[in-house]
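J.: Each chain, letter by letter, is given below.
4 protein chains.
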Amino acid sequence: MSEHAGRPTEESSGGHEVAERVRVSFARQGLMRLLGAEVVEVGEGTCVIEVPFTEGITQQASYFHGAVTGAIADTAGGYAAMTLAPPDREVLTVEYKVNFLAPAHGEKLVARGEVVTSGRRLFVCRAEVSAVEGRDERVCAATLQTVSLSPARAPDRKPGA
Amino acid sequence: MSEHAGRPTEESSGGHEVAERVRVSFARQGLMRLLGAEVVEVGEGTCVIEVPFTEGITQQASYFHGAVTGAIADTAGGYAAMTLAPPDREVLTVEYKVNFLAPAHGEKLVARGEVVTSGRRLFVCRAEVSAVEGRDERVCAATLQTVSLSPARAPDRKPGA
Amino acid sequence: MSEHAGRPTEESSGGHEVAERVRVSFARQGLMRLLGAEVVEVGEGTCVIEVPFTEGITQQASYFHGAVTGAIADTAGGYAAMTLAPPDREVLTVEYKVNFLAPAHGEKLVARGEVVTSGRRLFVCRAEVSAVEGRDERVCAATLQTVSLSPARAPDRKPGA
Amino acid sequence: MSEHAGRPTEESSGGHEVAERVRVSFARQGLMRLLGAEVVEVGEGTCVIEVPFTEGITQQASYFHGAVTGAIADTAGGYAAMTLAPPDREVLTVEYKVNFLAPAHGEKLVARGEVVTSGRRLFVCRAEVSAVEGRDERVCAATLQTVSLSPARAPDRKPGA
Chain A
1 MSEHAGRPTE ESSGGHEVAE RVRVSFARQG LMRLLGAEVV EVGEGTCVIE
51 VPFTEGITQQ ASYFHGAVTG AIADTAGGYA AMTLAPPDRE VLTVEYKVNF
101 LAPAHGEKLV ARGEVVTSGR RLFVCRAEVS AVEGRDERVC AATLQTVSLS
151 PARAPDRKPG A
Chain B
1 MSEHAGRPTE ESSGGHEVAE RVRVSFARQG LMRLLGAEVV EVGEGTCVIE
51 VPFTEGITQQ ASYFHGAVTG AIADTAGGYA AMTLAPPDRE VLTVEYKVNF
101 LAPAHGEKLV ARGEVVTSGR RLFVCRAEVS AVEGRDERVC AATLQTVSLS
151 PARAPDRKPG A
Chain C
1 MSEHAGRPTE ESSGGHEVAE RVRVSFARQG LMRLLGAEVV EVGEGTCVIE
51 VPFTEGITQQ ASYFHGAVTG AIADTAGGYA AMTLAPPDRE VLTVEYKVNF
101 LAPAHGEKLV ARGEVVTSGR RLFVCRAEVS AVEGRDERVC AATLQTVSLS
151 PARAPDRKPG A
Chain D
1 MSEHAGRPTE ESSGGHEVAE RVRVSFARQG LMRLLGAEVV EVGEGTCVIE
51 VPFTEGITQQ ASYFHGAVTG AIADTAGGYA AMTLAPPDRE VLTVEYKVNF
101 LAPAHGEKLV ARGEVVTSGR RLFVCRAEVS AVEGRDERVC AATLQTVSLS
151 PARAPDRKPG A
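Chains as they are written, first to last, in the working numbering: chain A, 1 to 161; chain B, 1 to 161; chain C, 1 to 161; chain D, 1 to 161.
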């Protein structure tokens with residue numbers, strides 16, 4: 001509903017840098033590796049994460065486990081916020097709410113996160129997760145999330161924030 | 001805040017049966033296996049799940065990943081609901097909200113789920129997740145969750161569920 | 001993010017009927033009257049509600065009270081669901097989450113609710129609330145909501161419930 | 001579930017002062033007056049708010065409107081946080097989630113808010129709302145809420161907000 005621009009930032013050098021920071025941070029997340037998740041796109045205020053189906057990440061009926069859905073939605077929203085954060089700050093999820101909309105069944109899950117509003121200390125983000133099977137794509141979850149900026153390294157040396 | 005009785009049901013034969021159903025369902029969840037999670041207690045309207053620390057389930061700062069916290073809280077709440085559900089019905093998480101209260105750092109996480117209210121079609125549950133290190137235990141997340149009962153007939157060949 | 005069509009339904013006779021049901025139900029809500037709220041648009045899966053500024057509905061800093069924001073967002077989402085429900089059924093809010101995004105300051109608040117997904121028993125809806133001052137419009141809240149259909153027959157005459 | 005002490009603070013002079021600040025702030029909330037709500041107890045990290053039944057605050061079935069339930073739960077949680085905040089700071093609700101557990105029917109609603117955890121910038125609170133009819137009391141809603149401390153300097157007079 002909100003029109004967030006969400007232009008991919010890869011082209012500009014600033015965009016490169018942000019996308020690189022996202023990827024470095026992501027690579028350090030043991031759980032994302034365990035799930036087989038990947039960052040497939042990073043934009044200005046947006047982030048897309050995918051995870052292919054594997055037996056290891058199911059619930060009792062062989063669908064994707066809701067926790068996987070929640071995990072990549074949370075992560076996509078958090079990294080969407082990071083793209084708008086000063087480079088020396090961490091982003092932390094304060095809380096999120098997820099609604100499961102349909103069974104998550106298919107060859108992969110795709111979580112598209114975007115920043116709804118950004119403040120000096122808090123971001124509100126949302127994400128939608130779709131299950132993809134061939135050309136079919138079905139929205140299976142929606143989240144609304146609050147993300148905070150960590151205090152800067154030295155308490156408050158924040159040039160632009 | 002609500003006084004849910006939550007007596008362990010293991011002693012009674014009905015309790016045994018319910019606890020057994022929970023464990024059978026849990027054992028079929030690939031993700032719970034992948035995370036190394038275990039059901040450690042099942043009561044009437046309650047369920048406790050633990051997951052030991054391993055490198056594979058961290059976020060970028062070597063704490064437990066928030067998604068693990070969310071996963072076991074969601075699961076503990078869902079199985080708490082299952083203990084009050086008719087034996088031929090599945091329980092499904094409709095939605096949940098999780099607040100992260102403190103860094104999840106320690107040798108294991110413990111999620112304690114309980115049913116707040118149970119209706120004919122919907123349960124409201126909550127869970128608290130604590131990080132345990134030796135004798136220290138620190139609450140690191142709280143959830144509030146809506147769980148629905150599946151329609152009585154089983155959709156797709158699940159023998160024991 | 002989801003593309004819900006949301007065509008205004010006023011033109012068609014079915015649309016008229018639905019809009020009429022929404023207005024009749026709305027008119028019976030004492031609180032909406034007290035707040036001075038009005039339904040300004042009803043579509044297929046959408047509903048827009050406005051409330052003008054009055055001294056009576058402020059918080060301590062003379063902005064619109066968050067509860068007013070929450071009330072019209074909840075109501076806009078609920079009636080959006082009602083437009084897709086069978087005529088003999090009531091819709092009930094199971095739960096919602098609201099994020100306050102900016103101070104709600106202006107001459108009126110506008111809540112735009114829409115159905116994200118509709119199931120047999122549950123709808124997931126969202127709403128955005130904007131504060132309007134002249135030509136300026138600023139999004140000040142976002143909600144994600146679960147709405148249930150009441151059972152077809154009025155349930156069980158509960159005097160004391 | 002969390003053991004927050006919540007001793008009433010009225011006795012101590014510090015407690016008096018905090019309770020007074022809560023009452024002064026509350027008295028400036030036009031909406032609370034409109035609803036007929038009252039602060040009936042203020043403790044250390046707790047706050048209880050009541051609202052008597054009147055025709056003006058109903059939904060379409062003559063129960064208390066969900067928005068009233070949400071409003072007093074939000075407010076009880078927010079003021080619970082204020083009791084733990086430095087005296088020169090405002091508290092603001094970042095977001096909350098409310099589950100409606102039972103129809104809100106009776107002579108009054110009582111919202112009991114408590115702080116779950118308090119940080120330097122954020123509080124997590126929860127509240128339960130009960131409908132009271134004579135000696136019967138029934139929990140009808142539960143909330144989980146994030147509250148932030150405003151920056152130290154005073155808020156109101158912000159030109160562009």
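Watch out, some of these pointers could steer you wrong.
To be verified - Label-pair ranges, simulated between beta-carbon atoms:
{"no.": "1", "chain 1": "A", "residue 1": "Pro87", "chain 2": "D", "residue 2": "Glu20", "range": "41 to 51 Å"}
{"no.": "2", "chain 1": "A", "residue 1": "Pro103", "chain 2": "C", "residue 2": "Arg33", "range": "57 to 67 Å"}
{"no.": "3", "chain 1": "D", "residue 1": "Arg28", "chain 2": "C", "residue 2": "Pro86", "range": "20 to 30 Å"}
{"no.": "4", "chain 1": "B", "residue 1": "Ser62", "chain 2": "D", "residue 2": "Gly56", "range": "24 to 34 Å"}
{"no.": "5", "chain 1": "A", "residue 1": "Asp88", "chain 2": "D", "residue 2": "Glu55", "range": "14 to 24 Å"}
Claimed, not checked - Covered stretches of chain B, going by a simulated chain D footprint (3 or more residues, C-beta under 8 Å):
{"no.": "6", "segment": "33 to 40"}
{"no.": "7", "segment": "99 to 106"}
{"no.": "8", "segment": "116 to 124"}
As the list claims (entries may be wrong) - Not the full set, but computed from the structure, chain A residues with beta-carbon under 7 Å of chain B:
{"no.": "9", "residue": "Gly36"}
{"no.": "10", "residue": "Val39"}
{"no.": "11", "residue": "Glu41"}
{"no.": "12", "residue": "Ala67"}
{"no.": "13", "residue": "Leu84"}
{"no.": "14", "residue": "Ala85"}
{"no.": "15", "residue": "Asp88"}
{"no.": "16", "residue": "Asn99"}
{"no.": "17", "residue": "Ala102"}
{"no.": "18", "residue": "His105"}
{"no.": "19", "residue": "Ser118"}
{"no.": "20", "residue": "Arg121"}
No wet-lab data here; the hints were simulated from the structure. Quick reminder that beta carbons are idealized off the backbone N, C-alpha and C, glycines included.
J.: Each of the hints needs a verdict: does it hold here or not?
T.: How the hints compare with the structure:
1. At about 45 Å, the CB distance of Pro87 of chain A to Glu20 of chain D agrees with the hint of 41 to 51 Å.
2. Checked against the hint of 57 to 67 Å, the C-beta distance between Pro103 of chain A and Arg33 of chain C comes to roughly 42 Å, which is inconsistent with it.
3. A beta carbon spacing of about 45 Å between Arg28 of chain D and Pro86 of chain C contradicts the range 20 to 30 Å that was offered as a hint.
4. Judged by the Cβ atoms, the range 24 to 34 Å given for Ser62 of chain B and Gly56 of chain D is violated: they are separated by roughly 55 Å.
5. Roughly 56 Å separates the CB atoms of Asp88 of chain A and Glu55 of chain D, a value that falls outside the hinted 14 to 24 Å.
6. Residues of the segment 33 to 40 of chain B with a Cβ under 8 Å from some Cβ of chain D number 0, which does not satisfy the need for three, so the listed coverage is violated.
7. Interface restraint, the segment 99 to 106 of chain B with chain D: holds (3 residues with C-beta to C-beta distance below 8 Å; minimum three).
8. Under the rule that three or more residues need a Cβ within less than 8 Å of chain D, the assignment of the segment 116 to 124 of chain B holds, with 3 such residues.
9. The beta carbon of Gly36 of chain A comes no nearer than 10 Å to any beta carbon in chain B, farther than 7 Å, and the hint placing it at the interface is violated.
10. Of the supplied interface hints, the one on Val39 of chain A is violated, with its beta-carbon coming no nearer than about 13 Å to a beta-carbon of chain B, more than 7 Å.
11. With a cut of 7 Å, the hint placing Glu41 of chain A at the interface with chain B is violated, because the nearest CB-to-CB distance is about 20 Å.
12. Contact between Ala67 of chain A and chain B, as hinted, is supported at the beta carbon level, the nearest pair being about 3 Å apart and thus within 7 Å.
13. For Leu84 of chain A, the suggested interface contact is broken, since its CB lies about 18 Å from the closest CB of chain B, more than 7 Å.
14. For Ala85 of chain A, the shortest C-beta to C-beta distance to chain B is roughly 14 Å, which exceeds 7 Å, and the interface hint is violated.
15. For the restraint placing Asp88 of chain A at the interface with chain B, the shortest Cβ-Cβ distance is roughly 15 Å, beyond the 7 Å limit, so the hint is violated.
16. For Asn99 of chain A, the shortest C-beta to C-beta distance to chain B is roughly 4 Å, which falls under 7 Å, so the interface hint holds.
17. Below 7 Å, beta-carbon pairs count as interface contacts, and Ala102 of chain A has none with chain B, the closest being about 11 Å; its hint is therefore violated.
18. For His105 of chain A, the interface hint is violated, since its Cβ never comes within 7 Å of a Cβ in chain B; the closest pair sits about 11 Å apart.
19. Proximity of Ser118 of chain A to chain B is violated relative to the hint, the smallest CB-CB distance being about 19 Å (cut-off 7 Å).
20. The beta carbon of Arg121 of chain A comes no nearer than 16 Å to any beta carbon in chain B, farther than 7 Å, and the hint placing it at the interface is violated.
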